[in-house]
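The residues making up each chain are set out below.
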Amino acid sequence: MAEIVGGFLVPHDPVMFVARDAAPADQAERVWGAFERCAERLAESGATTAVIVGNDHYMLFGTTCLPKYCIATGHVEGPLDQMPGLKKEPVPNNEPLATAIAEHGSVSGFDWAVARSFTTDHAFAIPYKLIVKRASELSGREIKAVPVYLASAVDPFITTRRARELGEQIRAAVLAFEGDDKVTFIGSGGISHWVGTKESGQVNEEFDRYIIDLCCSMNMAGLVALGDEEILTRGGNGAMEIRNFICAMAAVNAARGELVEYQPIPAWVTGLGLIELLV
Amino acid sequence: MKRDVLERVLWNLSVDRFSKVKFKENPEQFLSRFPLDAEDLRMILEFDVKGLQEAGVSPLLTLGYWIEMSPDRQMSTYNRKLGSESKYSGSIKG
Chain V
1 MAEIVGGFLV PHDPVMFVAR DAAPADQAER VWGAFERCAE RLAESGATTA
51 VIVGNDHYML FGTTCLPKYC IATGHVEGPL DQMPGLKKEP VPNNEPLATA
101 IAEHGSVSGF DWAVARSFTT DHAFAIPYKL IVKRASELSG REIKAVPVYL
151 ASAVDPFITT RRARELGEQI RAAVLAFEGD DKVTFIGSGG ISHWVGTKES
201 GQVNEEFDRY IIDLCCSMNM AGLVALGDEE ILTRGGNGAM EIRNFICAMA
251 AVNAARGELV EYQPIPAWVT GLGLIELLV
Chain H
1001 MKRDVLERVL WNLSVDRFSK VKFKENPEQF LSRFPLDAED LRMILEFDVK
1051 GLQEAGVSPL LTLGYWIEMS PDRQMSTYNR KLGSESKYSG SIKG
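Protein chains in written order, with this note's numbering: chain V, 1 to 279; chain H, 1001 to 1094.
No lab work stands behind these hints, which were simulated from the structure alone. Worth double-checking, as some hints may not be accurate.
Stated by the list, open to error - Not the full set, but computed from the structure, chain H residues with beta-carbon under 10 Å of chain V:
1) W1011
2) L1060
3) G1064
4) M1069
5) T1077
6) N1079
Where a beta carbon is used, it is the ideal one built from N, C-alpha and C, also for glycine.
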């Protein structure tokens, strides 16, 4: 049977790529280095598949259909929003596992939207390139990657409670999967950032550290209890991506989280936190 | 609902190549496809991102449409139009 070997919670900040030199050099070096450490730990974990929980930024899904949660079960490429250092490329999906998660959901109360052919955006592509693909290079074995997209940036949002329940469903599906896959989960997003609003460039370190503490102590109830207004006020519209953390945390059911790095970087418009989830 | 149509227009102008070309060729003609009132048309044609956000449009879309279609595509101008003095910008596209 498949096994869950751990997870990570990491940002997917495109400004790292489009304005590399805008951040103070020491902070930038720490963030890039933290991604590399996550890749090393993923390589060491023996994982064969990473399920990356991200969100659309009103690029992939338009006004004609806004799914609450979607899984790619077939061909995957990305990102759509290419940028310097992040070009579109094919992604090796674990199609049998992704299909099993969707099918498990259909008989357990989770009606997944399914993408039979999917183009990701940077929410998937950044952790895929910096952690999963890099871990494949370090380990010499291909690590497949399954995109899961939650409505965490475009309303109507998935609720924090449903994000947790969905993570639990994914966990049950993986553990029931008849294969020798070793699966890790990456919650992609956050922490505080304001996207496209007049507050863009603000970072709330106090809020970020509050979220980090909840994640490292696996306080799922505390995260789920956060109201949308509180998140929007204290962490910005980008912090709604905490839902991706909640889903990944529920899937891993870790013993604890360990902070890999945190850097508040206004020039990159984000409080960037990287956490490893240890089973 | 006003917001829904505005979001459909801005989504097209953010990601759909055909819509971008048609808008650049003749913006008024492109926009005539949609049920927009005079104020909607003004906000879109003048890149009034503050007004669009106040009408309920997602900041993700005002940002995407600005980056793809605005005359100077500068985030400093975008921030100024929003009434922000921020020197930083959250461009989500390269």
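When the least beta-carbon distance from H:L1060 to chain V is tested against 10 Å, hint result: holds (4 Å)
Going by Cβ atoms only, is H:M1069 closer than 10 Å to chain V? violated (14 Å)
Under 10 Å is the threshold here; is the Cβ of H:G1064 close enough to any Cβ of chain V for the hint to stand? Hint on H:G1064: holds, closest Cβ of chain V at ~7 Å, below 10 Å.
Return the status of the interface hint for H:T1077: holds when the least beta-carbon distance to chain V is below 10 Å, violated otherwise. Hint violated; H:T1077 Cβ to chain V Cβ min 13 Å, cut 10 Å.
Tell me if H:W1011 is really an interface residue toward chain V, meaning its C-beta lies closer than 10 Å to one of theirs. Since the shortest Cβ distance to chain V is 5 Å, the answer is holds.
Please verify that hint: H:N1079, Cβ, nearest Cβ of chain V, below 10 Å or not. Holds - the Cβ of H:N1079 comes within 10 Å of chain V, reaching about 7 Å at its closest.
Consistency with the previously given hints fails for numbers 4, 5, ordered from lowest to highest.
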